[in-house]
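Peer 1: Residue numbers (this note's numbering), protein chains in the order written: chain A, 1 to 308; chain B, 1 to 676.
A few of these clues could be false.
[Stated by the list, open to error] Simulated crosslink set (DSSO-like; lysine-lysine; CA at most 27 Å straight-line):
1) A:K130 - B:K208
2) A:K168 - A:K66
3) B:K179 - A:K66
4) A:K301 - A:K175
5) A:K100 - A:K66
6) A:K100 - A:K155
7) A:K74 - B:K179
No lab work stands behind these hints, which were simulated from the structure alone. Nothing here was measured: the structure is a model prediction, and the numbers come from that model.
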Amino acid sequence: MSINLKTLLLGSLFLALPAFGMSQSWTHEGGTLNLDAPPKRIVALNWAATETLLLLGITPVGVADKTGYSAWVKEPELPANVANVGTRVAPSLETIAELKPDLIVTSTEMAPAHELLERIAPTYVISVYKPDSRPFDKAREMLLVLGAMLDREAKAKAVLTDIEQTLKQKRDLLKQANQTDPAIALISFQDNRHVRIYTKNSLYQAALDSLGLTNAWPTLGNYWGFTSTGLEAVAQIPNSRLVVIEPLVPGLADSLEESPFWTYLPPVRNQQIYRIPSAWSFGGVHQIKILAETLTDALLKGGSNNVR
Amino acid sequence: MSGEAPLATPSRPKMPTRLPAAIILLCLLAFFASALPWLQQLSPLQLVSIFWSYDGDEYASVLAHFSWAPRISMALLIGCALGLSGAITQQILGNPLASPTTLGVESGGQFGITMATLFAPGLLALSPDIAAVAGGLLAIGLVILLTWRLGFSPVTVILAGLVVTFFLGAINMALLLIKGEWLGNLFIWGAGSLAQNNWSPFFDLLPKVLIIATLMLTLVRPLQLLQLGQTSASALGAKVSLLRATSLFLVVAMTSVVVSRVGVVAFVGLAAPVLARLLGARTLTERLFWSTLAGAGILLAADTLAYWTTLLSDGSLVPTGTSTALIGGPIILLALQGFRNDHHMPGHDASPTGFLPPRRNPFQIAGLLSALLAITIVLSMSWSPGLEGWNWTPLTQWTDAWVWRGPRLMAAILAGMALGMAGTLIQRMTGNPMGSPELLGISGGAALVMVALALAGLDLGRAGQLAAATLGACGALGLLLLLARKHRFSGNQLLLGGLALYVFMDAGLRLAMATGGTVASKLLNWMYGSTWLISEIEAFSLLALVVSLGGVTLLTLRPLTLLPLGETSASALGLQVPRARLLLLLLAAALTAASTVVIGPLSFVGLIAPHLARVLGQQTVGKQLIAAALAGGLLLAIADYLARLLVYPNQLPAGLLAALVGGLYFLWGLGRHGKN
Chain A
1 MSINLKTLLL GSLFLALPAF GMSQSWTHEG GTLNLDAPPK RIVALNWAAT
51 ETLLLLGITP VGVADKTGYS AWVKEPELPA NVANVGTRVA PSLETIAELK
101 PDLIVTSTEM APAHELLERI APTYVISVYK PDSRPFDKAR EMLLVLGAML
151 DREAKAKAVL TDIEQTLKQK RDLLKQANQT DPAIALISFQ DNRHVRIYTK
201 NSLYQAALDS LGLTNAWPTL GNYWGFTSTG LEAVAQIPNS RLVVIEPLVP
251 GLADSLEESP FWTYLPPVRN QQIYRIPSAW SFGGVHQIKI LAETLTDALL
301 KGGSNNVR
Chain B
1 MSGEAPLATP SRPKMPTRLP AAIILLCLLA FFASALPWLQ QLSPLQLVSI
51 FWSYDGDEYA SVLAHFSWAP RISMALLIGC ALGLSGAITQ QILGNPLASP
101 TTLGVESGGQ FGITMATLFA PGLLALSPDI AAVAGGLLAI GLVILLTWRL
151 GFSPVTVILA GLVVTFFLGA INMALLLIKG EWLGNLFIWG AGSLAQNNWS
201 PFFDLLPKVL IIATLMLTLV RPLQLLQLGQ TSASALGAKV SLLRATSLFL
251 VVAMTSVVVS RVGVVAFVGL AAPVLARLLG ARTLTERLFW STLAGAGILL
301 AADTLAYWTT LLSDGSLVPT GTSTALIGGP IILLALQGFR NDHHMPGHDA
351 SPTGFLPPRR NPFQIAGLLS ALLAITIVLS MSWSPGLEGW NWTPLTQWTD
401 AWVWRGPRLM AAILAGMALG MAGTLIQRMT GNPMGSPELL GISGGAALVM
451 VALALAGLDL GRAGQLAAAT LGACGALGLL LLLARKHRFS GNQLLLGGLA
501 LYVFMDAGLR LAMATGGTVA SKLLNWMYGS TWLISEIEAF SLLALVVSLG
551 GVTLLTLRPL TLLPLGETSA SALGLQVPRA RLLLLLLAAA LTAASTVVIG
601 PLSFVGLIAP HLARVLGQQT VGKQLIAAAL AGGLLLAIAD YLARLLVYPN
651 QLPAGLLAAL VGGLYFLWGL GRHGKN
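For reference, chain A alone in the conformation it holds in the complex (with noise of 0.2 Å):
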């Protein structure tokens, strides 16, 4: 994990080395930006981008869907000053455009609206989120690359040394009260029937990792990081931990009760079920933080026999 982030490190402060002079270039996944000076007016166009900003101690001047960033992600906290400039799938071009940003910060999902967004501001795109992507370490790229951009070097690897420390400690807890095996599937409720299972290509996957778990699910997601299936689908999996993530649907632990499809289930019987409050599953960089304590503290606590 170390030797991973510092090669990572080193090759992301190549490729953003200031080229000569003030103007410096920097190479992404939309072709190459100059900038002359750090950019003061950023927009973000998704959660994963305004994360980032805000754990760099940048606030933005403008979101894309706001309200929804403040009800899902919810952490880091989003100053309620900020300008909301559409929804993350068609964002008003002409409200980014008055915000008058010096840098707009998306993804490929923005693809056929590049070509606008570069005559408002320069545009760094970055996905963490995209076909064959590992989204942990392109979280990272993206943090360490926005603050080389911003002139925030040192927040950011505040940062991560912080995630890395917090992992380290939690890796260390887990092992001593003997809580690495069996492996864990992540799952979060969608109604009575249907889970979204959280894949060995999700942000997730690297809290597991790091913590010295291992996933149970054995094949990979769509390229955020998951599979919708029908509840049964866990039974594929007895040797296994649930750990339930919120938000729940209401009712769920009495109807799952009443089935002994559910209290037959060998995690079930093992008092292997686990509840943890939400991070956002298709965040940044914090939201394995986020992960990591919690799941920490759930499986330290020890499991039950519902989600309760």
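Assemble the complex: chain A is given as a structure, and chain B must be docked to it using the hints.
Peer 2: Just chain B, lined up with the frame of chain A:
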């Protein structure tokens, strides 16, 4: 199976043995395919007994008893319920295309649940049925209200049902787009999934289905009288309207109860009676009985298909709603072969004489439409919401505003004009005032090709997209013309194009919705037209394209006037019919494709604009073309403006708004047309 000739039995037509054989075979095959994965873990005998018992020491047995067996039972129960509802609906309306899906009941149920999730979650926890039934009643209420004066004329009812489906579907989509994260579970529910982990949903649903089915069966005798026709039935003492209303209410109740449990499982209620009839079910009792069983077989087969595909895609859920749509499409097309062409589109037999508003001066009308268009352009360019509230942009600052407001407005207007002209061309070619690129599936042909391209991950750029879309539109239109040669462009065949398009698009959308992530939102945004992505260059190339196509269209006035006279008269007047047809076909396809790339396939503008031109008194081809182009441009200009400001700073796809406005106009027009 047997070669028995039905014609040879003079007295009482005998039911061909292939009917029970085929349907029972379907059920058994589906059941066997579904049981196959379990046979590795359990013996066949165990697997049968799994329906009433399980062995607590063997988890495979518990799993089969609580997930597989209830899923099979649920599929059979719901299949029966929908099959019966479908057969009853077809009997009430005397129309082979009537079904809970095509009448908008399923969309209505979904609409009710979506609204309840957003605004009254308490009601949903209390009983999902109330919300679903209310939505279903709203849908069927709209259909009835609109077709009241026409005495439920069969095709009008289906048309109204389709429009209500599109309309409520559009509202559903708008809510999903704006409130996506909050409605996450609705994505799966809306896609229709039969996954189970307990018997309680089945035993909860069973009594409701049984009660409604019993009530339906008490109506069989009076329904038989309906076969004699409305007048004779009334003479025999049947209260036709009351009977229809009661039966429809039962159909709505049945469908909504099902929808509230497992989501939208579309087309089973349409396909089952069609299959039963195709296999030779004749009397009402036969049709009701075999449709019910066929429904069970079709849904079980579809669900098994979904289950297998789910297994093959590493456990990622493939909803049953997708596979029913995929199975429903071919059955509808199959049905086409079997139907006599005895239904007429509303206004078809009366057209054009029955539908002639007073002629008006074309210059006045064109002037009026142009003035309205100019006002919309000025408003759209100048009066806009911003971060500090609404503000007025004076003409001097239009160059700045142009970048963000200009190209999209221009593209929207051009797409509207293209659709207006395409609609007029198609109405003239088919001689049918209800023909339109949307309802006939020509836009759908263009859209299907583009969706396929998007799903395959190919990015061809706008020009490539346009070429591909034109190809798709040509394909769809060509297919229609081929059918037309056989069926003479009227009645059900005409609707089938639109319906089949709807079926397949539906299947794709459901799949994307269930997989989750942003694929669905992106697809939805595109399907309903994302004018916000259009750049100046694209807008100007569209201008060049539409102007040149429009120019060519004006050269085709003579063939357009002559073609509706019939092939013989037209060639007698010196027209080279095949060549003229081909030219018009290409023109209509290109115009449709150009607009579909910008505004998506579901805007209704191609239906409304020519209609509006007629209402405004422009009867001859040339005048109608110009007025329709202006009206289409005006409609989409307004839609684009509203799309930008209604939910500022969020925006809606302009095509979605056009579909909402267009749907309303069409519904109103249908009702008004009935009064004449």
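Peer 1: It remains to establish, for every hint, whether it holds in the given structure.
Peer 2: Evaluated hints:
Taking the CA atoms of K130 of chain A and K208 of chain B, the gap is about 46 Å. The hint is violated against a cut of 27 Å. For the suggested pair K168 of chain A and K66 of chain A, the alpha carbons sit about 33 Å apart, so the restraint of at most 27 Å is broken. Taking the CA atoms of K179 of chain B and K66 of chain A, the gap is about 12 Å. The hint holds against a cut of 27 Å. The hinted pair formed by K301 of chain A and K175 of chain A meets the criterion: a straight-line CA distance of about 14 Å does not exceed 27 Å.
A hinted pair counts as satisfied when its Cα atoms are at most 27 Å apart, and K100 of chain A with K66 of chain A qualifies at roughly 18 Å. In summary, the hint linking K100 of chain A to K155 of chain A is supported, as the alpha carbons are separated by about 26 Å, within the 27 Å threshold. Under the criterion of a C-alpha separation no larger than 27 Å, the hint pairing K74 of chain A with K179 of chain B is consistent with the structure, at around 17 Å.
Checked against the numbered hints listed earlier, the structure breaks hints 1 and 2; every other hint is satisfied.
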